[in-house]
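With the hints as your guide, set chain Z onto chain A.
Quick mapping for you: the protein sequence lines, in order, are chains A and Z. Each residue of the first sequence is one higher than the one before, counting from 1 in UniProt numbering. Each residue of the second sequence is one higher than the one before, counting from 1 in UniProt numbering.
Don't read these hints as lab results, they were simulated from the structure. One or more hints might be untrue.
Identical copies look the same in the list; a pair holds intra-copy or inter-copy alike.
[Stated by the list, open to error] Cut-off 20 Å, straight-line C-alpha distance, at most; resulting in silico cross-link-like pairs (SDA-like, lysine to any residue):
#1 K266 with G222
#2 K112 with S233
#3 K43 with R68
#4 K43 with A95
#5 K53 with R88
#6 K112 with D227
#7 K271 with D111
Protein chains: 2
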Amino acid sequence: MEPMQTIERLSFNQITADRLSLPEVVDCCARAEVPWIALWRHKVAETGLAESKRLVQNAGLRVSSLCRGGMFPAATAAERQARIDDNRRAVDEAAELGAEVLVLVCGPAPDKDIAAARQMVEDGIAQLMPYAQSCGIKLGIEPLHPMYAAERSVINTLAQANTIAEQYSPEQCGVVVDAFHVWWDPELYAQISRASGRILGFHVSDWIVPTPDLLMGRGMMGDGVIDLRRIRSAVEAAGYHGPIEVEIFNRTIWDMSGDDVFALTKDRFIKHV
Amino acid sequence: MEPMQTIERLSFNQITADRLSLPEVVDCCARAEVPWIALWRHKVAETGLAESKRLVQNAGLRVSSLCRGGMFPAATAAERQARIDDNRRAVDEAAELGAEVLVLVCGPAPDKDIAAARQMVEDGIAQLMPYAQSCGIKLGIEPLHPMYAAERSVINTLAQANTIAEQYSPEQCGVVVDAFHVWWDPELYAQISRASGRILGFHVSDWIVPTPDLLMGRGMMGDGVIDLRRIRSAVEAAGYHGPIEVEIFNRTIWDMSGDDVFALTKDRFIKHV
Numbered sequence: 001m002e003p004m005q006t007i008e009r010l011s012f013n014q015i016t017a018d019r020l021s022l023p024e025v026v027d028c029c030a031r032a033e034v035p036w037i038a039l040w041r042h043k044v045a046e047t048g049l050a051e052s053k054r055l056v057q058n059a060g061l062r063v064s065s066l067c068r069g070g071m072f073p074a075a076t077a078a079e080r081q082a083r084i085d086d087n088r089r090a091v092d093e094a095a096e097l098g099a100e101v102l103v104l105v106c107g108p109a110p111d112k113d114i115a116a117a118r119q120m121v122e123d124g125i126a127q128l129m130p131y132a133q134s135c136g137i138k139l140g141i142e143p144l145h146p147m148y149a150a151e152r153s154v155i156n157t158l159a160q161a162n163t164i165a166e167q168y169s170p171e172q173c174g175v176v177v178d179a180f181h182v183w184w185d186p187e188l189y190a191q192i193s194r195a196s197g198r199i200l201g202f203h204v205s206d207w208i209v210p211t212p213d214l215l216m217g218r219g220m221m222g223d224g225v226i227d228l229r230r231i232r233s234a235v236e237a238a239g240y241h242g243p244i245e246v247e248i249f250n251r252t253i254w255d256m257s258g259d260d261v262f263a264l265t266k267d268r269f270i271k272h273v
Numbered sequence: 001m002e003p004m005q006t007i008e009r010l011s012f013n014q015i016t017a018d019r020l021s022l023p024e025v026v027d028c029c030a031r032a033e034v035p036w037i038a039l040w041r042h043k044v045a046e047t048g049l050a051e052s053k054r055l056v057q058n059a060g061l062r063v064s065s066l067c068r069g070g071m072f073p074a075a076t077a078a079e080r081q082a083r084i085d086d087n088r089r090a091v092d093e094a095a096e097l098g099a100e101v102l103v104l105v106c107g108p109a110p111d112k113d114i115a116a117a118r119q120m121v122e123d124g125i126a127q128l129m130p131y132a133q134s135c136g137i138k139l140g141i142e143p144l145h146p147m148y149a150a151e152r153s154v155i156n157t158l159a160q161a162n163t164i165a166e167q168y169s170p171e172q173c174g175v176v177v178d179a180f181h182v183w184w185d186p187e188l189y190a191q192i193s194r195a196s197g198r199i200l201g202f203h204v205s206d207w208i209v210p211t212p213d214l215l216m217g218r219g220m221m222g223d224g225v226i227d228l229r230r231i232r233s234a235v236e237a238a239g240y241h242g243p244i245e246v247e248i249f250n251r252t253i254w255d256m257s258g259d260d261v262f263a264l265t266k267d268r269f270i271k272h273v
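In isolation and in its complexed conformation, chain A is listed as follows (with noise of 0.2 Å):
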C-alpha cells in the first residue's frame, strides 16, 4: 500500500502535548498546519468554554471529537443520575465546540459485579441518547484495552461497544477504533467489518516493547507492533474516511517542545499510518 503522503486527515489529541495548554496547542496546531485537534473537557474548562471556541475557529481548526464523556457506573441511582448530568453538559460542550462526536469512556464498575457495571452503561448511553440527539451529537462508544477494565471502562472489546451502538441509528451512536485498545483481539477485522457505518472515530499510537506501564506505555507510531496500516485499511474498508486521531500518553513526548511533538507527529502519521 502507498504511504498516506499527506497530514488531510491528521488530528493532533491535546492530550498528546499535555504540558501545553490549549493556546498553546492551537497554536502549534497552526504552525504546524495540521487541520483537525481533538479537546479533552479538563483542556477546555482551564481556558474556558467560549475562549476555547474562539482560539479554535479562528485558528481554522475542526474538532475531530471531544473527550470525554461516559464514567456510567455507581453505587447508587444518585451518583449514576449524577454522571448522566455531567455527561449532558459535556454534550452541551461538544455542541458549542463544534465537535460532531462525544466520545464515551465508559468507567469502572464500582464493585466486583463486572456484568451489572456493564448493564449501567448501556442503560446511561440510553438515558443519554435522547438529549444528545437533541443537540446533534454523535456518542462514540470507545472501548478500552482490557487492562483498563478495572479503573477506566467495562467496555474492552470492540465487539461489546458494537453490540451497544447497533441498538441506535448510525447517526446517533458508533464506536471509536483506537488502535492502541484493539490490536491485539482476534475479532478485530471481523469487529471493523461489522462496524460498517457507525465508525465515528480512528486513533492511532502504537504499542512499545517491553511495555513500561499501563498508562504511560504508549508510543509514537512506529516505535511499536501495532500494524497500524492494517488497521487503518480495515476501518476505510468499513467506509470511515474522516479525521485519524493521534492520542499518546507518554512522558518522553510530553517533555518534548510543542512543535517538536508536532514534527514527529507528522513525520510518523505520513510513514506509519
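Chain Z alone, transformed into the frame defined by chain A:
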C-alpha cells in the same frame, strides 16, 4: 455460597515464592500441609530434575502442573523447530515429575503479523501433540491477558484457547483458566461453559487497583476486584474439580518469608476462593 473451608485442592505455584529454591518451597508445603505444588522449569533445572522429583515425592506432594511449554512463534522454520524440541524436553520433565499437565504460554509474534503468529501456535501444538500424548502429558493452553500479547502470548482469550483445544480429545489437550488473565472477558462464563470437560487447571490471584505494573501487579486473593468465587463456581459447573493453583507475581509477597506467604495464602484461599 459457603466458603471452601479446606485446603484440599490448594496448589502452591512456586513462582509465588520466587526467592525460594525448590527444596525450600517443598519444605514450606510440607510444614503448611499444602497437598499440591506447581513447578517451573527453571527452578527444577536449578535443583536438578532427579533431585526435584525425589524431594517432591518424599514430601508426599502432588504436582498440579509444570510451567511452561509454548513460545511457538519464531521468525524462521529452524527457530520454530528449536522451540518444538524444547517443548519435547518440557514434556519429558513433566512426565518425570508426575505432572499430568504441561501449561502452554504460547509466545509472542516475531513481527507485526499477529495473525500469522497465531497460526504458528496452532501448528506448533499440532506438531508437539503426538509426543505429548505418547508420554501421557496433557497440553493445557493458558490464555494470557491481552496486555501480554506483544511480549508473552498471542493467545489472549479463552475463546481462542477453546478453538485450538477442541481440535483434540480432552485427554490430549485442554485449557487453563487463570482468573487474572480472563476476569475482564465479556465472554468469560460462556467460554468456561464451552470448555466443559476440558479444563485442565484453575489459577487464582487478584487484580489490584490501582494496578502498579504489568507483570508484578498481581495481588493476593481478596486484595483486588476479581469475583473469584463466581469464577470458581463456573469452573466447577464445567466439571473441573482438580487442584487450584495460587500463582502470584508480586514483589511485596516475594519479600515475605516462605512460611508467612504460605500462612497468608491458606487464609485467603479459604476466605476468597
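Original post:
Checking K112 and S233: alpha-carbon separation at most 20 Å within a copy, between copies, both or neither?
Top reply: Between. Shortest inter-copy distance 15 Å satisfies the 20 Å Cα cut-off; intra-copy 38 Å does not.
Original post:
Between K271 and D111, at a C-alpha cutoff of 20 Å, which is it: within one copy, between copies, both, or neither?
Top reply: For K271 and D111, the Cα distance is within 20 Å only across copies (18 Å; inside one copy 44 Å).
Subject >> Within, between, both or neither: K112, D227 at alpha-carbon 20 Å >> reply: Cα proximity of K112 and D227: across copies only (6 Å, versus 34 Å in one copy).
Subject >> Intra- versus inter-subunit Cα pairing at 20 Å for K53 with R88 >> reply: Only inside one copy: K53 and R88 sit 18 Å apart there, 65 Å across copies, limit 20 Å.
Subject >> Copy assignment of K43 with A95, given that the CA separation must stay at most 20 Å >> reply: within (16 Å within a copy, 60 Å between copies)
Original post:
Quick one: K43 to R68, C-alpha cut-off 20 Å, is that within a copy, between copies, both, or neither?
Top reply: Within one copy only: 11 Å inside a chain, 48 Å across chains, cut-off 20 Å.
Original post:
Quick one: K266 to G222, C-alpha cut-off 20 Å, is that within a copy, between copies, both, or neither?
Top reply: within (12 Å within a copy, 47 Å between copies)
Going down the numbered hints, you'll see the structure goes against none, and every one checks out.
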